[in-house]
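Take the given structure of chain A and dock chain B to it, following the hints.
From first to last, the protein sequence lines are chains A and B. Residues 1 to 435, numbered by the UniProt record's numbering, are exactly what the first sequence covers, in order. Residues 1 to 435, numbered by the UniProt record's numbering, are exactly what the second sequence covers, in order.
Hints are computed from structural coordinates only; laboratory data are not their basis. A portion of the hints provided could be inaccurate.
The list cannot tell twin chains apart, which means a pair is met if one copy fits it or any two copies do.
[As the list claims (entries may be wrong)] Calculated lysine to aspartate or glutamate pairs in the DMTMM-like style (CA-CA distance at most 25 Å, straight line):
#	residue 1	residue 2
1	Lys379	Glu367
2	Lys373	Glu361
3	Lys373	Asp360
4	Lys273	Glu184
5	Lys422	Glu376
6	Lys422	Asp410
7	Lys379	Glu364
8	Lys422	Glu364
9	Lys380	Glu367
10	Lys373	Asp410
11	Lys380	Glu350
12	Lys5	Glu79
13	Lys422	Asp385
14	Lys5	Asp88
Residue-level listing of the chains:
Number of protein chains: 2
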Amino acid sequence: MPDHKMPPTLRFMLAARRCELHGLESLSVTCELVTRISQLVHQLQKERGYSNVYLGNRTDHYLHQLDAHSAGSAAVEREVHDCFLSMDTAQANAADRARLFNRIAYVLHGLEELPGLRRRIRERQLSPRQATQAFTRLIGGLLAVVFEAADTAADPSITRVLVALFNFMQGKELAGQERAAGVEGFSRGHFDDELQARLLHLQEGQERCVDIFGEFADAEANALWQQILDTDTVAQVISLRGVAKRTSAIAQVDPGLCELWFDLNTRRIDAMKQVESHLTQCLLERCRRSIAEAHADLDNHRALLGRVAQMDAGSDQALLFSVHSSTLDVPPQDAVGNHLARSVLDLLHEQNQRLQQVSDELQETRETLNERKLIERAKKLLMTDYGLSEDAAYARLRQSAMERSMRLVDVAQSLLSFAARKAQEKPRSDKGKRI
Amino acid sequence: MPDHKMPPTLRFMLAARRCELHGLESLSVTCELVTRISQLVHQLQKERGYSNVYLGNRTDHYLHQLDAHSAGSAAVEREVHDCFLSMDTAQANAADRARLFNRIAYVLHGLEELPGLRRRIRERQLSPRQATQAFTRLIGGLLAVVFEAADTAADPSITRVLVALFNFMQGKELAGQERAAGVEGFSRGHFDDELQARLLHLQEGQERCVDIFGEFADAEANALWQQILDTDTVAQVISLRGVAKRTSAIAQVDPGLCELWFDLNTRRIDAMKQVESHLTQCLLERCRRSIAEAHADLDNHRALLGRVAQMDAGSDQALLFSVHSSTLDVPPQDAVGNHLARSVLDLLHEQNQRLQQVSDELQETRETLNERKLIERAKKLLMTDYGLSEDAAYARLRQSAMERSMRLVDVAQSLLSFAARKAQEKPRSDKGKRI
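Next up, chain A with everything else stripped away, as it sits in the complex (with noise of 0.2 Å):
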């Protein structure tokens, strides 16, 4: 029996079910793009690394490097690009989709920025910290997508793979930045106050990043992660992260240390990579099975729906939902009508828990990304109202939950609830007197 031929009750849940395999197949198309992102950020770490040390030194000595690594960068663009024009974006009609597809347009103008930045970078026109902050930024909105996909994303498993995923990249993105911060103070042979919060900032940054990964992640991606954590490298950028932070204008260390702090922390950043891509092939294998069991879910509804239609439409009278068999308690007076209608309802019901857990988990695993959202949001306050930049914004925010031992968010939380309620007292006011 087709479809739309079923009865409406029957109907609606076939369409349920089909709303949801439909949801799973465009969040695949989703998990491959950001499989592919994970690809391009790396590419584009490694290159704004190479262009970092080549604008900091004056010989053409990087240029070669430089040049393999854009190649390397430019190669995944391509396809990144041509992931992104082959999405739907005509069929899409969730509203959900749109913040996806903005945060896509911003890294389409990135993308095409990219050649004049290659060129002005090789024309010297850029010092080191413009160029990084260009690559940061479109590393940044690569993320952003990263990101959405995991804010939309409706299943919890799938969901929490991306939220391991987000995470880590988002850990990785932080050392790449610490490894740029380290490159300054190092060259310069000291690192200044500012650049002595930067690198606690990025530090702490990292630490967050990876406590959530290890929460999310299965125990695979963990063990991995603790074999970097226990390699020689690891442990020789945290003794030059001692170093750094030792270091003062009037206590210099040698230039020279910021090639070994490069290679350390290049190495870190490529051991991290193969726990994303890891992560990767996880969310993509997760993405084959829940689709497959989505289909095979499907099929066999429909078969069992269209059997109690048929049922139903030769039987004289209502079999499949007579008041007698389902809602009040009374002996079944036809075994086999009764059996049927019995199941439906229990269907129904089985299904109807089953996307009320799945929303439940949903909101549960999602909570990570709100705590990360409401921290943005605190801190964008306190830039706007208080004209603080980013790095002080954070560090006011982390002052204060440590004098009052609360967690960051819940100060953020406090914050934000704190201005709201600031800004609505005007118009409450007014509303009171017109009630």
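Chain B in isolation, oriented as in the chain A frame:
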């Protein structure tokens, strides 16, 4: 220039706008449905009330009125049914429609049972409580559709009205259940402990619902509600609540009060319907306005981006996204081209900020819905783990909140977190070993 011929960045910017518009159009269909559901719930509440008094009375005194109300329900039922069938289930591909469609399947199933239920009531095969429960289940299913509509709406101004409406409908439904519980007690001459607890639970529930309604509804709806609170009817209901509270097996009252209680509450509930009608009008008005705005925005956007794309195509180099103008604060080299490039980048940022704000506002507005879900989940946990009834589970949560001077939702949250931690302890230790 047709959308698909635009440069990719512009195409994704337009796609984002189009998604918003499509989301609104589909939301508007849901809102029409919600409006009719509000009518149907009101009719079913009347029919439930008269079924109740008909079954409680040994004569056919109320049969005529009951028949009239059943006919009234049946007419609105057909409208709701048609509304369901006109929904485009085949086109929907968003995963969050699954919950809505499943709720609708549940309601359709309930509607199929209504003729049988009506027959059995007239044949006096059910007790008043059984009949009440059957109607209450269907009304609960209809309210769940409104809840899903509120929870998946993606326009904050519409979500606010839906949250106000859902809570008001829920409050009105609890008033209907209070009327039924009162009829049961007054006709018996007194209220035993269980019925007293039930009345209290229903009264507190109404208060919580109208509090949330008051927070989200506009001034006019609040004023209408205030007018109702000031009527003699409400004063008399409150005084009868006091009478009910003072009854016991040894302090009975005249069962004649039953009719007075029923009439007063019926008047109260009918008056509440006016507030609901105001809210549904607001809802449809808001939908129309938001859709008109989104249409106009999309047209403007398309025209502007079309002009930009044409300039870009006619130019030798990519004026539009040259790195000079947009990211690196270098003085513009081409006044016209750069002016447009700036404005595209501005549009992109603006759209991004707007979408972010929409998402933040939705988050805040849905907070009350999430709180409701948390309380429901905690209640269910107590019911399954401790074998409590729904009322007892709620009473337990409430007492715990009072003892610890916490909000109900925070008690629910900590109970759920505790249960989640306990459930995770086992797998966590396994995972520890594997690492």
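With 25 Å as the alpha-carbon cut-off, assign the pair Lys5 and Asp88 to within, between, both or neither.
between (29 Å within a copy, 14 Å between copies)
Using 25 Å as the alpha-carbon threshold, which applies to Lys380 and Glu367: within, between, both, or neither?
Both: 20 Å inside a chain and 21 Å across chains, each within 25 Å.
Between the shortest in-copy and the shortest cross-copy C-alpha distance, which are at most 25 Å for Lys379 and Glu364: within, between, both, or neither?
Both. Shortest intra-copy (23 Å) and inter-copy (18 Å) distances satisfy the 25 Å Cα cut-off.
Intra/inter-copy verdict for Lys373 and Asp410 if alpha-carbon distance must be at most 25 Å
both (12 Å within a copy, 21 Å between copies)
Up to 25 Å between alpha-carbons, please classify Lys422 paired with Glu364: within, between, both or neither.
So Lys422 and Glu364 pass the 25 Å test across copies only (16 Å; inside, 30 Å).
For the identical chains here, do Lys422 and Glu376 meet the 25 Å Cα criterion within one copy, between copies, both, or neither?
within (20 Å within a copy, 32 Å between copies)
Classify it for me, Lys379 with Glu367: is the Cα-Cα distance of at most 25 Å met within a copy, between copies, both or neither?
Result: close both inside a copy and across copies, 18 Å intra and 21 Å inter.
Should Lys422 paired with Asp410 be assigned to within, between, both, or neither, using CA atoms and 25 Å as the limit?
Classified as both; 18 Å inside a copy, 24 Å across copies.
As a check of your reading, is Lys373 near Asp360 (CA-CA no more than 25 Å) within one copy, between copies, both or neither?
both (19 Å within a copy, 8 Å between copies)
Given a CA cutoff of 25 Å, do Lys373 and Glu361 count as a within-copy pair, a between-copy pair, both, or neither?
This pair counts as both: shortest intra-copy Cα distance 19 Å, inter-copy 12 Å.
Between the shortest in-copy and the shortest cross-copy C-alpha distance, which are at most 25 Å for Lys273 and Glu184: within, between, both, or neither?
within (24 Å within a copy, 68 Å between copies)
Treating 25 Å as the Cα threshold, decide for Lys5 and Glu79: within, between, both or neither.
Classified as between: cross-chain Cα gap 20 Å, same-chain 43 Å, threshold 25 Å.
The structure agrees with every numbered hint stated previously.
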